[in-house]
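**Student:** Chains V and A, in that order, give the protein sequences. When we follow the numbering used here, the leftmost residue of the first sequence carries the number 1269, and every step to the right adds one. When we follow the numbering used here, the leftmost residue of the second sequence carries the number 181, and every step to the right adds one.
By construction, these hints were calculated from the structure, which means they are not laboratory data. From a predicted model like this one, the values you see are computed outputs, not experimental measurements. Please note: incorrect hints may appear among the correct ones.
Computed footprint of chain A on chain V; a stretch qualifies when at least three of its residues, placed anywhere within it, have a C-beta under 8 angstroms from a C-beta of chain A [unchecked claim]:
#1 1312–1323
#2 1330–1339
For the chain A half of the interface with chain V, some residues (derived, Cβ under 8 angstroms), not all of them [unchecked claim]:
#3 239
#4 240
#5 272
#6 275
#7 276
#8 282
#9 347
#10 351
#11 353
#12 358
#13 359
#14 369
#15 370
#16 374
No residue lacks a Cβ here, since even glycine has one placed at the ideal position from N, Cα and C.
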Amino acid sequence: MNIKILGSGCQNCQKLENNVKKALEELDLKANVEKITDIVEIMKYDVMSMPALVIDEKLFFSGKVGEIKEIKEILQGQDLEEKELETKNGGCGCCGCDHC
Amino acid sequence: MFYPLQLLADYLVYDIFKILPTNHLGLAINFFIYDSLKIIILLLVINFFMAIVRYYLPVEKLRNFLASRKWFGFDYFLGSFFGTITPFCSCSSIPLFIGFLEAGIPLGVTMSFLITSPLVNQMAVVLFAGLFGWKITIFYVISAILLGVVGGFIIGNLKLEKYVADYVWQIKSRKIKIEQKKETWQKLLKIFWQESWVFTKKIIWYVFIGIGAGAIIHSFVPVGFFEHYITSKNFFAVPIATILAVPLYANIVGVIPIIESLVEKGIPIGTAMAFMMATVGLSLPEALILKRVMKIKLLVYFFGITTINIIIIGYLFNIFVK
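With the hints as constraints, model all of the structure from the sequences given.
**Tutor:** This is the structure in structure tokens:
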């Protein structure tokens, strides 16, 4: 998973980053967390309220910090989707058969 | 409507703390308890409703609506009006500015939004109504919208687009949709309530400090005290108050209770209002942030025009609102 936190470096952006990291920890998930502070880069996502959460180039919310619980739900959803994709793309290697 | 709160405040101060009603400290505490309770309840209610509004009408949607067609001047009003229902945070003013221009909204209309946005939000309206009553609240909101419309209109007609930082015009964003899953209404209610609580919590200290300072002025400063210094007869009081306030910055929610007590002690309402509008609407930190997207000349126009308009509104309030 590729997580981007968009924000101009204000307090709330910091809080969102912390919440995301905590959520990842609690779910025991690994992800690449990146903070985007460059305004030109931020505007590419067409967000106008900071901070915003982008996972795998999809925008999940903007203009709020987001509670850990909410972020966890989003992360879980994304994680599941990713796994499903892997399955479709052939084999997760979980049971050793040749079609799972 | 808030009568039970007054009873509670009286009960706490006079019966539990055993402070006599004639005591200044007792009055201050009573005022503090009553006002804080009243305002917190009002804030929770209004923030709940605004959470609903924002869920269905996020600023991106409002922006797209503004950009969707030609408005022939009506867009100055819409820009200003949208500014009143959008919560303002100075860290968002740059993305808002760029996002509006990038969508093709004229610079003047964008400025209307930027001028009005910090002056009015739901919490300011609640505080205003709770402390000054509805009549002055409505006057205030109308003045703030007028301030945005007139300021934006002037800037729009001065053709200042060339004084927007060049890189702003180069930014192209791709349109992406927010991933929003369908929620049940029970879940939505919970989300709205949580958001209301988060918003209220965020400003609660400003409110306490503001009301605390207000309570002290309310109880310890004799009526008419300020009239020795600032009176409506002093013609220059309004511009002086406005210009003094520009370098100051405070959240509107914290300023309102202080202003209310000052007015009660004899400062003319227009002078107080001008001071407040300049404190929240114009500030050095805001200027520094906006400098990243505006060249100096545009910034000077923005601050200059808004300052002059605030002074005019101050005079009008002094003349027409008693």
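**Student:** Compare the structure with each hint and give your call.
**Tutor:** A quick look at each hint next to the structure:
Remark: the stretch 1312–1323 of chain V is confirmed as covered by chain A, as 7 of its residues place a Cβ nearer than 8 angstroms to a Cβ of that chain, reaching the required three. With 5 residues carrying a beta carbon less than 8 angstroms from a beta carbon of chain A, the stretch 1330–1339 of chain V meets the three-residue requirement, and the given coverage holds. With a cut of 8 angstroms, the hint placing residue 239 of chain A at the interface with chain V holds, because the nearest CB-to-CB distance is about 5 angstroms. Below 8 angstroms, beta-carbon pairs count as interface contacts, and residue 240 of chain A has one with chain V at about 6 angstroms; its hint therefore holds.
Nearest Cβ of chain V to the Cβ of residue 272 of chain A: about 5 angstroms, under the 8 angstroms cut. The hint holds. A distance limit of 8 angstroms between C-beta atoms decides the matter here; for residue 275 of chain A the minimum to chain V is near 5 angstroms, and the interface restraint holds. With 8 angstroms as the threshold, the beta carbon of residue 276 of chain A comes within range of chain V, its nearest partner Cβ sitting at about 5 angstroms, so the hint holds. Interface hint at residue 282 of chain A: satisfied, since its Cβ lies 7 angstroms from the closest Cβ of chain V, which is below the 8 angstroms cut-off.
For residue 347 of chain A, the interface hint holds, the least distance from its beta-carbon to any beta-carbon of chain V being 7 angstroms, beneath 8 angstroms. The beta carbon of residue 351 of chain A is positioned within 8 angstroms of a beta carbon in chain V (closest approach about 5 angstroms), and the interface hint is therefore held. Below 8 angstroms, beta-carbon pairs count as interface contacts, and residue 353 of chain A has one with chain V at about 4 angstroms; its hint therefore holds. Interface hint at residue 358 of chain A: satisfied, since its Cβ lies 5 angstroms from the closest Cβ of chain V, which is below the 8 angstroms cut-off.
Taken as an interface hint, residue 359 of chain A checks out: its beta carbon lies about 5 angstroms from the nearest beta carbon of chain V, inside 8 angstroms. The interface hint given for residue 369 of chain A is violated, since its Cβ lies 15 angstroms from the closest Cβ of chain V, which is over the 8 angstroms cut-off. Contact between residue 370 of chain A and chain V, as hinted, is not supported at the beta carbon level, the nearest pair being about 11 angstroms apart and thus beyond 8 angstroms. With a cut of 8 angstroms, the hint placing residue 374 of chain A at the interface with chain V holds, because the nearest CB-to-CB distance is about 7 angstroms.
Hint compliance for this structure: hints 14, 15 are broken, all remaining hints hold.
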